[in-house]
Amino acid sequence: MSEPVKLEVTDLVKHFPVRAGLLQRQVGAVRAVDGVSFKLRRGETLGVVGESGCGKSTVGRTVMKLLEPSAGRIVLGKADITSLGRQAMWPHRRNIQMVFQDPFSSLNPRMSAGDIVGEPIRNFGLAKGSEREQQVAALFDRVGLRPEAMRKYPHEFSGGQRQRLGIAKALAVNPEVIVADEPVSALDVSVQAQVLNLMIDLQEELRLAYLFISHDLAVMRHISHRIAVMYLGRIVELAPKEALFEQPLHPYTEALLSAAPVPNPRIKKQRIILQGDVPSPSKPPSGCHFHTRCPYAIARCKTEDPKLREIRPGHFAACIRREPGETQPALAPAQH
Amino acid sequence: MSAASIALEPAAGRASSGLWSEIRRNPTIFLGCAILLVLAACAILAPWIAADPLKHAPVNRLKAPSAEFWFGTDQFGRDIYSRIVYGARVSLIVGLSVAAISSVLGLTIGLLCGFYRWFDGIVMRIMDGIMAIPSILLAIALITLVHPSLTVVIIAIIIPEVPRIVRLVRSVVLSIREQPYIDGAVAGGTKAPRLLVRHVLPNAVAPLIVQATYVCASAIITEAGLSFLGAGVPPEIPSWGNIIAQGRVFFQLTPWVILIPGVFLALTVLAVNMLGDGLRDRLDPRLARRM
Amino acid sequence: MNAVTDQLAPPILEVEDLRTHFFTRDGVVRAVNGVSFSLRPGETLGIVGESGCGKSVTALSILRLIPRDLGRVVGGSIRFEGRELTGLDEQEMRGLRGHRISMIFQEPMTSLNPVLTIGLQIAENVQRHLGLSKKAAWDRAVEMLSLVKIADPHRRVHEYPHQLSGGMRQRVMIAMALSCDPQILIADEPTTALDVTIQAQILDLMLELKEKLGTAIIMITHDLGVVAETCQQVIVMYAGRKVEEAPVEELFDRPMHPYTRGLMAAVPRLDGRLEGGVRPRLQEIPGIVPSLTAPLPGCPFEPRCAFSTEQCARHMPPLERRGAAHDAACFEVDRVLEKSLV
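Protein chains in written order, with my numbering: chain C, 1 to 336; chain G, 1 to 291; chain F, 1 to 342.
Treat the hints loosely; a few may be bogus.
What the hints assert, rightly or not - In the DMTMM-like style, the derived pairs of lysine to aspartate or glutamate whose C-alpha atoms are separated by at most 20 Å in a straight line are: (1) C:LYS268 to F:GLU249; (2) C:LYS268 to F:GLU250; (3) C:LYS152 to F:GLU249; (4) C:LYS152 to C:ASP102; (5) C:LYS152 to C:GLU182; (6) F:LYS149 to C:ASP277.
Unchecked claim - Covered, in the sense of this in silico footprint (three residues per stretch, anywhere, with C-beta under 8 Å from a C-beta of chain F), are these stretches of chain C: (7) 185–194; (8) 217–229.
What the hints assert, rightly or not - If you only want the chain C side, here are some residues facing chain F, beta carbon under 10 Å, derived: (9) ARG86; (10) PRO261; (11) ASN264.
Because the hints were derived from the structure by calculation, they are not lab data.
Positions of the beta carbon are idealized from the N, C-alpha and C atoms, including for glycine.
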């Protein structure tokens, strides 16, 4: 891994105030992101996976500075963008772009496809008039759309084509980092494959760094190089995907992997079915956030905050029952 | 691959949309438009199709409708038909100018309110204050303070309409701001002024146009009401409200003096509302996107 | 196969040549265009396909839940326990729905009344269909909640839908759907809106209850993983038609229709080996689903199909028996089978 780091996030925290009563006093906070750190290198896909409410989308939106971080540090390329205001952030937006989940509401219905894709070029004054039009046409061609479609409006495109438009728009200013927030979740599987292939091709061609946010483990496994698993605002495991899928170290990752249905009726998996629901991020459990549902939890898990530690080279996990350097494959269930 | 996907695209943009199929799809819009066009034509062509509406002719007082006086005459012998044709000018001018001016004002204030928090805090309190005053009282107070004229009537009707439009536009803007495409535009480096003009404004216009037609209809009624109460346009200007007000005394003798302008008033308001309903069905994506 | 399923028993539901059309400004949408299948007691039948393939409309047609101003069943027959449903009046259909045949949806919040407690909603259903007393109906509601493993059912019956989590609401929906001991439970994407760990809980629960109560299930989903893990028999739909039907293991071993194969190859897999750092390309199905308003003369999949011939473009391939209990609507099955699966 000698590629330069393009995005570095350290101890990122994002709290949303909870207000109540007539005077709207702050009575608490939803700790959507609660101390997240990672590095993203050129040409690399870091997958962020987790269930709804785990804070994965908030990480993406905060990194994009669509939300203001509550604490921590975000370094884009060489610039610290953590506390930049609207104006000061503007020039840095060229380096980081976003692809959104919903291809239906993420494109302005009253702008033509060509205007949508060309807008970032215009915003940063990169090209004018017919030159801009040529650039937009080239982008359309690059993502597999006909340049003639520039004059059409978003509702005239299918879901997959709209997602291609979203990708073309993100590419328009030649960014180094792309944050993709569930880019294929709203698409049918046959179209999903088209979009995933396109994203991989573009990454290999342009050496883009992807922060790829998804709840879908199979998609993650396909596109990512490394994967971070989030639970209630924290990264509980971070590892190269081979290590993560072949030998998950955190009990939550293990449960997540075993819960995903596999399209093969001959595999009868030994399922770990987690009990109960994810606790509310406004009142996360003490100690390890996962101890309320963890089949391996011991008394110490309720009180001790597990830190993300490097258990094996490049393989981090936040579980006190794992020790750095250990090779033990599975945890013993807790004695009750 | 892209060639195949484009070729297979469902025919979303319909090929033929001739006038007739449009009419068949939106009969209310077209009926409303047709009535309004006829009225507008009358108002514009008034000097050529009607006689002098102010000419007193004591000989012809209180005549019933006939071949000479289509809608009869009033107590001064003035031709009701001519007065109604000229009155259409007043009603349409009031309706259109109130709708246009209050929409522009409301849109501007509403956009800024929905976009800038600090502005919102101040302006919305003022708007609440205006809305707390009954609009007819406000208009009467204003007209008694200054010399009555058509302009004053229009201003008096605009003032209470503006806060309503501001509220509508503000709520629409607040919901547009939550749309992912706004985040998308910000992420793409779009600055605030362009964000407002290119992304927020075009998406806020459709509900506003619908609201503007209702404002137009209510302005026409309010003007007639104010004129009837004697707080509207000066009595020498023939407006439908004035015709009704002046005919009130002889209602039992000559009911047509009141009934005919009343029918025109109702017809105009109905036409404007039909246009508004039709536009709402057409522009409101939730209703229009029926399968 | 499953012990509860009786292969010899007569089917409880037989759908034949079902046609459901929607009438829109842009023309007639043939959402379901001649679909036939049958369901045996205690069987789990999967209907799989992508959005717009007609899988949900098929289910809604069986229960006659298609909004009347939008569309209707224009042809075919639906026989439930030998009784023709298409001729029944609304009153009789109401007696069947939620009683003999019940349905659960993707988003439980839309089918629960937000201002009534969940206990009341279950009890009302039982009172209406089974004529139980108020007390007995309430007891039944508590019993059903504990059956779907909601902890502390005596307290939970008094709660409102918004007080429950998504997974919990889906449990309540299942409790309500099963409260009158239906013969058939139709589940339309029951776990699509849920997180994967919650999905595992709900699927597990549905299978367990099926064993316990012997209810036949029609599982409508876009997820081949869910099909593989829950179903015995599978129907693949494309553009309003059934293109393939087979027992689940047979279907995954020997998919015959190019569309079925395409779907299987397009999904990223969780099983299979990971080759260090190499990301194999997913197999794409080029293009998009054809318009349902202007049906093609031939096979609807022909423009996207790698095996298509001139015949495919001109004639609609009939659904034919191609192997033991394996039907497919494709002229080129032999050529398709020659190519190995990825």
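| said: Of the numbered hints stated earlier in the document, which are not met by this structure? | reply: 3, 5 and 9
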